[in-house]
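Protein chains in written order, with our numbering: chain B, 10 to 236; chain A, 10 to 236.
The hints are simulated quantities; they were obtained by calculation from the structure and are not laboratory data.
Small disclaimer: the values here were computed from a predicted structure and weren't measured.
Among these hints, one or two may not hold up.
What the hints assert, rightly or not - Pairs of lysine to aspartate or glutamate residues, derived as EDC-like cross-links and limited to a Cα-Cα distance of at most 20 Å, are as follows: (1) K144/B - E60/A; (2) K223/A - E184/B; (3) K221/B - D53/A; (4) K144/A - D196/B; (5) K223/A - D53/B; (6) K144/A - D31/B; (7) K144/A - E177/B; (8) K144/A - E150/B; (9) K221/A - E47/B; (10) K144/A - E60/B; (11) K221/A - E49/B; (12) K192/A - E59/A; (13) K221/A - E177/B; (14) K192/A - E177/A; (15) K221/B - E47/A; (16) K192/B - E49/B; (17) K144/B - D204/A; (18) K144/B - D220/A; (19) K221/B - E60/A; (20) K144/B - D31/A; (21) K223/B - D53/A; (22) K221/B - E199/A; (23) K223/B - E60/A; (24) K144/B - D53/A; (25) K144/B - E177/A; (26) K223/B - E59/A; (27) K221/B - E184/A; (28) K192/B - E47/B; (29) K221/A - E184/B.
Stated by the list, open to error - Derived, one-sided and incomplete: chain B residues facing chain A with beta-carbon distance under 7 Å: (30) T65; (31) S143; (32) E150; (33) I152; (34) I178; (35) Y222.
All C-beta atoms, glycine included, are put in the ideal place defined by N, C-alpha and C.
There are 2 protein chains.
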Amino acid sequence: MAAPANSTTFPGDVWAELRLADARDVPHIHSLIHQMAEFELLTDLFAATEELLTSTLFPSPTPPPFTSFTALILDLSPSPVVPDSTSTIASRRFDLSASPLADPEAAAFASPRGGGRVTAGFVICFPNYSTFLSKPGLYVEDIFVRAPWRRRGLGRMMLSAVAGRAAEIGMGRVEWCVLDWNKNAIDFYEGMGADVLPQWRICRLTGAALDKYKGNQEEAADGKAAA
Amino acid sequence: MAAPANSTTFPGDVWAELRLADARDVPHIHSLIHQMAEFELLTDLFAATEELLTSTLFPSPTPPPFTSFTALILDLSPSPVVPDSTSTIASRRFDLSASPLADPEAAAFASPRGGGRVTAGFVICFPNYSTFLSKPGLYVEDIFVRAPWRRRGLGRMMLSAVAGRAAEIGMGRVEWCVLDWNKNAIDFYEGMGADVLPQWRICRLTGAALDKYKGNQEEAADGKAAA
C-alpha cells in the first residue's frame with residue numbers, strides 16, 4: 010500500500026525492545042495515554058499531565074522495577090538491539106517485508122534513546138496482592154500499541170515479557186482489565202491463556218463522592234446502620 | 010434472642026477500632042481470609058498460609074501504611090478506645106442495647122491487643138495507579154466482617170475510614186471489586202457513593218498458564234502474529 014505523505018515506511022526487519030521508561034519518556038507516555046483514552050472512548054476521564062506523570066512514575070529515588078508503579082516503553086529500531094542489563098526487558102526481531110508498515114507519526118514519536126528508534130507503545134504495571142494466595146501479583150494497568158504497529162505480534166511480545174518477569178520474581182498471578190465490548194482483545198487474551206472472569210465488577214469512588222470522606226468524623230452510632 | 014452456648018454476648022456499648030495490623034494479627038487474618046473464601050464460595054482458591062502472610066504483609070522493614078500492601082484489623086472493645094497515633098485509623102462507639110449481639114467465636118478471635126478486645130474483621134489494601142488521572146489511588150483487595158458483627162455499621166465505618174485516609178493523602182480514587190450476585194453489597198457500595206462499572210472485566214493469568222511465560226525466549230517473528 011502507498012504510505013501517506015510524511016509517513017516513515019518500515020519495509021523489512023525492525024528490532025523491538027521493551028525497556029524500562031525514564032523521565033525522558035514522559036512526553037511520549039502522555040501522548041500515548043491520550044491516544045488510549047481516544048481508543049477507549051473515555052477522553053472525558055483524561056486528566057493526565059506531564060508534571061504529574063513525572064512526579065508519580067519517576068519519584069526520586071525511583072523504586073526498583075515491579076516493586077511499585079512501573080512504566081515500560083516499546084521502541085522499534087532500524088538496527089539490532091544491544092540489550093542493556095539495567096533497562097531491557099525483552100527484545101526481538103520482526104520481519105515486516107511481507108507487509109511493509111507506514112507510520113505517519115514516526116517523527117513525532119522519535120525515541121529519546123535516539124538511533125532512529127521510534128516509540129510505539131507502553132505498559133504501566135504495579136504489584137497487587139492476592140489474599141487467597143497470600144502472595145503479590147502484577148497488575149497491568151495499561152498495555153497500548155499505536156495503531157500502525159498493531160496486529161504484528163508486539164502486544165503479545167509485551168504481555169509475554171511482563172508475565173514472564175512476574176513469574177520469575179515469584180508473583181502468583183498477572184491481572185488486567187478489558188472492556189466487555191472489545192472482542193478482539195478478549196480473544197487475544199484468552200489465546201494467551203488468561204481467564205476473563207465473568208462475575209467480578211469494579212467499584213469506584215472518586216471525585217466529590219470520595220472527597221466527602223475526608224476528615225471522616227463520625228458520630229457514635231445506634232447499631233442500626235445499614236451494614 | 011438466646012445466645013448459643015459458649016457465645017459471648019455484647020449487650021450494650023462497644024467501641025470499635027480500625028487499626029494497622031502487625032505480625033501478631035496473622036493467625037486471625039488467616040482465619041478471616043478462610044471465612045471470606047467460604048462466604049464467596051471460593052475455597053478452592055484458598056492457599057494462604059500464616060508464613061506467607063507474615064513475610065508478604067509484614068516484611069522487615071515494613072513500608073509506611075498505604076504505600077504498599079497494608080493490613081488493617083477491626084477490634085471491638087468493651088471499654089472506650091484510647092486512640093494510638095501510630096496505629097489507630099478510626100474509632101467509634103456502637104450502642105448494641107436495642108439488639109444485643111452474640112458472638113460464638115469471640116474467644117477464638119480474642120485480639121492480641123488484650124483488654125477483652127475481639128477481632129471482628131480486616132481490610133487489605135494497597136496503592137494502584139490511574140494513568141488517566143496520573144495519580145495513585147487505593148485498591149481495597151478485601152474488606153470483611155465476621156457474620157455476627159454484620160449489619161451494624163461496621164463495614165461502613167471501615168470503608169469510610171479507608172476512603173477518608175486515601176482522599177487525605179491525595180489519592181485520586183478508591184476501587185474494589187464485588188461479585189455481581191452480591192446484591193446486598195452492591196446496594197451498600199452504591200449507597201456510599203461508589204459507581205459499579207458495568208463494562209470492565211478482569212483478566213487473570215495464573216498457575217501453569219502463567220508459568221509457561223518464565224524464561225520467555227521468543228524466536229524472531231515474521232510479523233504475521235495475531236496481535
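### Query
What hint numbers does the structure not satisfy?
Hint check: 3, 4, 5, 7, 9, 11, 12, 14, 15, 17, 19, 21, 23, 25, 26, 33 and 34 fail, others pass.
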